[in-house]
Amino acid sequence: MHYALSEFLSKGNVLKNIEIKGAHIHNLKNIDVSIPKNSLVAVTGVSGSGKSSLAFDIVFEEGRKQYLQSIGVFSPVDEEDGFESISGIGPAIAVQQNIIRQSNSRSTVGSRSGLLSMLSVLFSTEGVISCSLSGNSEERLPPAYFSYNNANGMCMTCSGKGEHYEIYMGRLVPDEDITLLQVFDKVNATPGLKNLLKRNFKDYLETPFSRLPDEIKADALYGHFVSSNSANNSICIARLLEGLVKKYGEDPSGIYRMRQCPDCGGFRVGEEARRVFIGGRHIGELCLMPLTELEEFLTVLPDKSRFSAFGEKLRKDILLKLSALVKARLGHLSLYRTVPSLSGGELQRLFLNDHLESGMDSIIYVLDEPTAGLHESEKDQLIESIKRLRDIGNTVIVVEHDKKSIMAADHVIDVGPGAGTEGGQIVYQGDVSGLLDCEASSTGRYLSGRSSMPGRAFKRLEPTGWQGFWLTVRQASTNNLKNVDAAFPLGCLAGVAGKSGSGKSSLVSDSLLPLLKKHFYNNFKEGLSGDSSAARLEGTEDLSGYAEVSQAPIGRNMNSTPASYIGIWDKIRKIFASQPEAVKQGIGAGHFSFSSVGACPECGGTGREKIWLGGSFFIYNTCPACHGKRYNEQALSVRYNGKTINDVLEMTVTEAVSFFSDERSVVSTLKVLDRIGMGYIKLGQPTPTLSGGEAQRVKLAREIGRKRRGNILYVLDEPTTGLSPSDTAKLICLLDELIQKGNSVIVVEHDPAVLSVCDWIIELGPEGGQAGGHIIAAGSPKSLKENPESKTGRYLSINE
Amino acid sequence: MNKTQTNNRDYWPTKQWRSASPSSCGMDSAYLEKLDLAIRARHKNINGAIIVKNGYIVFEKYFNAFGPADTHNVASVTKSFISALIGIAIDKGYIQGVEQRVLDFFPEYPTKAGDFAKRTVTIRQLLTMTAPIASKTVGNKWEPLDRLRRQPDWVKYTLDMLGKGTSGQFQYSTAGAHLLSAILTRATGLCAREFANKHLFMPMGISEIPDCDMKSFSLDDVFGKNVTGWIKDPQGVTVGGMGLTITPRDMTRFGFLYLNKGLWEEQQVISEQWISASTAMTPNEYGYLWWLREKNGLLSYSALGSGGNVICCIPEKDLVVVFASKIVVKPRDSWELIDEYIIPSVVTD
Ligand SMILES: Nc1ncnc2c1ncn2[C@@H]1O[C@H](COP(=O)(O)OP(=O)(O)OP(=O)(O)O)[C@@H](O)[C@H]1O
Ligand SMILES: [Mg+2]
Ligand SMILES: [Zn+2]
Ligand SMILES: [Zn+2]
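Top to bottom, those sequences are chains A and B. If you want the working numbering, it's the 1-based position in the first sequence plus 11. If you want the working numbering, it's the 1-based position in the second sequence plus 705.
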């Protein structure tokens, strides 16, 4: 450790508490907070109350800054602090779900945990080279050749991702006669970009694509290098499609599809590495095994008798690490599983495991909902790990909604009472029992049972069971599913429950959704992963459509905002362009876009400038030209009802609902957002910075805003992540309303509060991984409660 | 002396280079003495250095116990030789021209129907390092050359990578240069080494490069101390991006041929047109496998190889500068020597 760091630590350690005075960042109302060190602290409150501002923007940011200063990589910049004074802070490490989600998609469980490098060394030293094709048979491959992240090791076709996007030519150019113009029109892009494309190819538009010279085909599809734009690529079909994927997470037309890489078969590494075996398997095969299976494989490994002493030691070290991960309930993951695709809880456990192993002390950890994604029965163990982190001398601050975790805390800070301007105050701080008695705290009221979850306005189920229609997935066998038939009642709220790794996502995301996609969009059969399966869907005739509302981040484009995502941004820009001042200056809707002509010329519309501090340290400063307003002066000169376009970006959803009350088309989707507890979100917050749960609620609002007719099936993956009990209550009301209007909802959930109000629950299990994949119970919450096979029933509360 | 004289030499160094004193060629020898000191002090990896002015050797020094007869592995300097050979093959009609497609030469290589990007890669793109090729597009800083070395079939490996990435973007690729060597063989029936012996080296009096026996493809055989002659890949294709060993005087001959716009004695070895096309300034400062430079209005083109191997031609000063160097990681930039000692030493043109 740096000398400066240890000095810094000893200085900070003298104080028993972290004392913050006059915190006023975001909605915080000049609050004073005292956080006891070496303890487990829960920060609670409704969404938008200011928990994250306190825990992340003040405690974590300040800890990080002071630490960087102490080691001399950071000189204080002239930026206003969000507080008056802070003392007792130490180096801080944060695990924020949305930040890790955005992390490099090349990062995997294997790379993150260090196991991939260890396995690479093992293959390099102990692997058996089979049928070498080159003349260098006796030459060992260096470890780099076993890593998909290394230029020597990666499969060149997919750059080591195991999958890649491909233009599905059959869909783009379905017949010989379709002209280039028609091909362009098949791509779902904005008219502006399309017109550019058409202009560049104006001499060929009427020619059938099939008869174009190959050079023109290649250029229309993939473009060529240009130095004039940031992508360094001319405008072309692939770029438009990439744009769609960035914006929506997929190309809805199905022309641009993620496909398993045909060259490496998804194993990510090159042919060189795939010819080297341990125990008859190459590294790609090991990296796709669930960790439990890998642990077993390396334990019984017959090859080990021939290993060198070094190899044997390495094998044992790998096993130690593996068993720690399996104990942390991550055994169902594989080493190739990407970090951004992990559930929030999995991420936190992977991270905690790293840190427990490192044994560092005097650190302040700030964790964002570490129990998200865990079954009730699995939470205790995680809470034990967190306590161990505390016991070795760290301060652990968890932002939590989960009852078990809050009850385990030494100290609770409840922020509220409401969201946004209604919040920002300390409602309560002290031990848990005091919270339960605190009348002012909505968290306290729900935890003590004084407030209760809403019931359903509308219970569909007859005492004898469901008399209506069913949607049935037959013979589902993706991942660990054991050829199960799963029947979901339509027009109901159906829950899918089970321990982590039991097969919930496999049933819903990998079987049901692809089958729905195939049915409703006649989507080519590649839609189904593991296409050999005989899985099929029955009962779709009673549905008119479906909507998948996942927690996947909404693209990575920092220019995307909730306003643009829910489709009101174009309308707002038009409103500004129609103001007399805009008409006078002759500026159109495009000038009100901070990602194009309206952008501040200094920062290009980001509102920030990036300053490199050396190494991998960057800080962002407010752009000195526009002061963070993102726009050029011309755009800011136009006002609508007294507000500039930037003021609109800074508005919360709640504020915008009243500001735009005359604009019905703008306000209707905003109202939905407001009602599901998202009123505190700013219209201009970049969507990649939304948490998984927030992203999901924005998606849900967009889907509901579309006002589709008929019975729409909404499929939601853990919608309560990030929701406080009172926000969960709002969500339940909203789902209830969807059902009353004649729709159907399927939720994958752990939260007993939501499961308890479901009409029907399908429970997978009994355990995770290969020991799961069966339906162990199905029926009403009441029937699960009475079912001794069920591992979830005992946590449900039925109030009839 | 003026520039037109380049086509009107008073002798040709086919058999023997002649020397002259720097001052007789309008050069200040004090600078060249400092050059000698600078090489000894700061460029210890340089084993041989030659300066030819107006066709005469004005400076020739060997270091680290090397001498004029020793050959050096010149690494990527090899690429500029391949460039010359492609030009000769076009002059002679073996290859239609730089717009010809790479895959025309590999009809047996299978492509998918939708693989327009790969099918439309041209010889010009390989020469200018602007072909779409996967090895660099995936965010790697370096092309994985050790990986190339381990391939059972270098040409197939490279063709597999072709077509991915941005067409037209400058991406320095040794594998791409190897494809040009393979194209030469497909077009002429001779490997690049044989073709060079016959059409490039013999006319200039460069001694014939014999076939080398590649016992294996270990690091030393491909990049290291075992490299002799001009190495070849497992299929016998002369390595196109590196692997030529040659004496500093022969390197100088090659540079001198370019200064003379392809003319050598009575013979137009390479067309003048090819040489101007190869060395015309581009936004990437890279011609047909030649590095281009303009500094203080002075144009030069150079064959550069890792470790500090250089053939630098400065037509305006009728100057060829050659450094043969031990291949070291992160050598000191030899432009320093050219800019600080060699160019200032030319006092009258
Ligand atoms: N892409 C995949 N390839 C192979 N096996 C997989 C894949 N995805 C999941 N599995 C395996 O299928 C089983 C079920 O995983 P699934 O993600 O469906 O669990 P889950 O119940 O949704 O868990 P969680 O509560 O963590 O979301 C696990 O054993 C897992 O390792
Ligand atoms: Mg899941
Ligand atoms: Zn691949
Ligand atoms: Zn700016």
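Please note that a few of the clues may not be correct.
Dumping the calculated PhoX-like pairs for lysine-lysine here, alpha-carbon to alpha-carbon at most 25 angstroms [stated by the list, open to error]:
{"#": "1", "chain 1": "A", "residue 1": "K257", "chain 2": "B", "residue 2": "K869"}
{"#": "2", "chain 1": "B", "residue 1": "K720", "chain 2": "A", "residue 2": "K205"}
{"#": "3", "chain 1": "B", "residue 1": "K966", "chain 2": "A", "residue 2": "K197"}
{"#": "4", "chain 1": "A", "residue 1": "K209", "chain 2": "B", "residue 2": "K869"}
{"#": "5", "chain 1": "A", "residue 1": "K752", "chain 2": "A", "residue 2": "K741"}
Derived CB-CB ranges, DEER-like [as the list claims (entries may be wrong)]:
{"#": "6", "chain 1": "B", "residue 1": "R998", "chain 2": "A", "residue 2": "K315", "range": "53 to 61 angstroms"}
{"#": "7", "chain 1": "A", "residue 1": "D581", "chain 2": "B", "residue 2": "K861", "range": "33 to 41 angstroms"}
{"#": "8", "chain 1": "B", "residue 1": "R998", "chain 2": "A", "residue 2": "S96", "range": "21 to 29 angstroms"}
{"#": "9", "chain 1": "B", "residue 1": "Q978", "chain 2": "A", "residue 2": "D581", "range": "32 to 40 angstroms"}
{"#": "10", "chain 1": "A", "residue 1": "S607", "chain 2": "B", "residue 2": "K861", "range": "38 to 46 angstroms"}
{"#": "11", "chain 1": "B", "residue 1": "V1033", "chain 2": "A", "residue 2": "S334", "range": "42 to 50 angstroms"}
{"#": "12", "chain 1": "B", "residue 1": "Q721", "chain 2": "A", "residue 2": "N211", "range": "52 to 60 angstroms"}
{"#": "13", "chain 1": "A", "residue 1": "S238", "chain 2": "B", "residue 2": "V1033", "range": "53 to 61 angstroms"}
{"#": "14", "chain 1": "A", "residue 1": "S238", "chain 2": "B", "residue 2": "R998", "range": "14 to 22 angstroms"}
{"#": "15", "chain 1": "B", "residue 1": "V1033", "chain 2": "A", "residue 2": "D402", "range": "50 to 58 angstroms"}
{"#": "16", "chain 1": "B", "residue 1": "Q978", "chain 2": "A", "residue 2": "K595", "range": "56 to 64 angstroms"}
Honestly, the hints are just simulated from the structure, not real lab data. C-beta atoms are modelled at their ideal positions from N, C-alpha and C, and glycine is treated no differently.
Here's how the hints hold up against the structure:
no.: 1; hint: A:K257 to B:K869; in the structure: 20 angstroms, holds
no.: 2; hint: B:K720 to A:K205; in the structure: 64 angstroms, violated
no.: 3; hint: B:K966 to A:K197; in the structure: 53 angstroms, violated
no.: 4; hint: A:K209 to B:K869; in the structure: 24 angstroms, holds
no.: 5; hint: A:K752 to A:K741; in the structure: 17 angstroms, holds
no.: 6; hint: B:R998 to A:K315: 53 to 61 angstroms; in the structure: 58 angstroms, holds
no.: 7; hint: A:D581 to B:K861: 33 to 41 angstroms; in the structure: 50 angstroms, violated
no.: 8; hint: B:R998 to A:S96: 21 to 29 angstroms; in the structure: 58 angstroms, violated
no.: 9; hint: B:Q978 to A:D581: 32 to 40 angstroms; in the structure: 55 angstroms, violated
no.: 10; hint: A:S607 to B:K861: 38 to 46 angstroms; in the structure: 45 angstroms, holds
no.: 11; hint: B:V1033 to A:S334: 42 to 50 angstroms; in the structure: 46 angstroms, holds
no.: 12; hint: B:Q721 to A:N211: 52 to 60 angstroms; in the structure: 58 angstroms, holds
no.: 13; hint: A:S238 to B:V1033: 53 to 61 angstroms; in the structure: 34 angstroms, violated
no.: 14; hint: A:S238 to B:R998: 14 to 22 angstroms; in the structure: 20 angstroms, holds
no.: 15; hint: B:V1033 to A:D402: 50 to 58 angstroms; in the structure: 53 angstroms, holds
no.: 16; hint: B:Q978 to A:K595: 56 to 64 angstroms; in the structure: 60 angstroms, holds
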